[in-house]
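Q: Sequence:
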Amino acid sequence: MTNVSHPLTRRRFLHRCAAFSAFSVTPGLLSACGGSGGGDSAGGNPDQNSGGEPPAPAASAWVWPDEGAAHAASWMSFQVSAAIWGRDMVAPVQEALARIANAIIPFEPLNVIVAPENMARARVLLDARIRLVSGTADDLWIRDTGCITVRNAQGQKRAVSFNFNGWGNKQAYSRDATVAQQMSQQQGVNLVRSQLVLEGGALETDGEGTAIITESCVLNANRNPGWTKSAVEAELKATLGFSKIIWLPGIAGKDITDGHTDFYARFVKPGVVLANLETDPGHFDYAVTRKHLDILRSATDAQGRRLQITTLSPPAQTRPDFAGKDFAAGYINFYLVNGGVLCPEFGDTAADNQARTTLAALYPDRKIVMLNIDAIAAGGGGIHCSTMHQCR
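Per our numbering, residue 1 is the first one in the sequence shown, and the count goes up by one each step.
Worth flagging that the hints you see were computed from the coordinates, not collected in a lab.
For clarity, every value in this text was computed on a predicted model and none was experimentally measured.
Some hints here could point you the wrong way.
Claimed, not checked - The calculated DSBU-like cross-link candidates involving lysine-lysine, where the alpha carbons are at most 30 Å apart (straight line), are: (1) Lys157 with Lys244; (2) Lys269 with Lys244; (3) Lys291 with Lys244; (4) Lys229 with Lys269; (5) Lys269 with Lys367; (6) Lys229 with Lys291.
Working from the sequences, and respecting the hints, build out all of it.
A: Structure below.
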């Protein structure tokens, strides 16, 4: 395989896709949409766009379980647009998506959203046990575009949309803004729309009320102008059941996500966090990952426990096939499935082995599966970015 140029990645702000969608959001804390219909809007609410702080919502009995809890299923999107990725990248990215999908299906059910024009290709690449759902999307990043499934103490479930807006209007999103609704319809649950604009990759939870999120993304004016930390915390308490949020600064403007949490810190289980530690002094994440460690090591969770922190560093080198300055090389973006952990490997034998050893120690009851997803990493994302779990 030869080196390939990448006309648009998640870490390059090139606007080849200029047709952005303009949506409005109905005022009110949460706008419920029936599981079989209803609109799913994207954008901020009128009060916040005018600079006003939204009213504080009431507490919620709805909770987003942690990723390590039992899944009913996983979700992926098979959409790889030539307009976004470049024509030469479509096939290798689809093949990388297939490696992830085919690794998930031995562990749990998997639903893949596939546009009609890609159905034949999907049937060739994907395991026959995978459920192919005819639908539409602009891109593959379902962690950010998909709905989040929450449940209450009675076992009832619903889906939450956080109004995807192309990471702050950086990429076309008219179809991506409908992915949350498509998923909720397929699940047969009602969809509710938060007042916040953010993405699933910005949110990390232990399932017991503690969350880690980045200021650079969630408090960014390109998503939530006028919102304060206290207002964000109240909204996330109402929608996802968070009671304690640990804020990391993140770093805005270096990648299209403005610093998603799922490349910085992940809960292994309540009280235990695996954090990224960048070792290259020339990398823009070098200083910020150290600041994050200082914050995490001094933090307590919703139960008052001091967090136990393990660090994992990116590889020192990667394979040349898709190498470039925008390549997202990091092990923190792993994905948990029922009984397994899916983690990227990058061809750096020492670093790959260290990642496997670390994850095996942290997840002794799960099988560690290492995957080559270099084509996806070339777009600035990873396994976690391209998957979404549905709670049982």
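Q: If a hint holds in the structure, say so; if it does not, say that too.
A: Evaluated hints:
1. Lys157 with Lys244: OK: Lys157 and Lys244 at ~22 Å, within 30 Å.
2. Lys269 with Lys244: holds, 15 Å
3. Lys291 with Lys244: Given that 30 Å is the threshold and the Cα spacing comes to 19 Å, the pair holds.
4. Lys229 with Lys269: Holds - the C-alpha atoms of Lys269 and Lys229 are around 25 Å apart, at most 30 Å.
5. Lys269 with Lys367: Holds: Lys269 and Lys367 sit about 16 Å apart, inside 30 Å.
6. Lys229 with Lys291: Distance ~19 Å between Lys229 and Lys291 Cα, so the pair holds.
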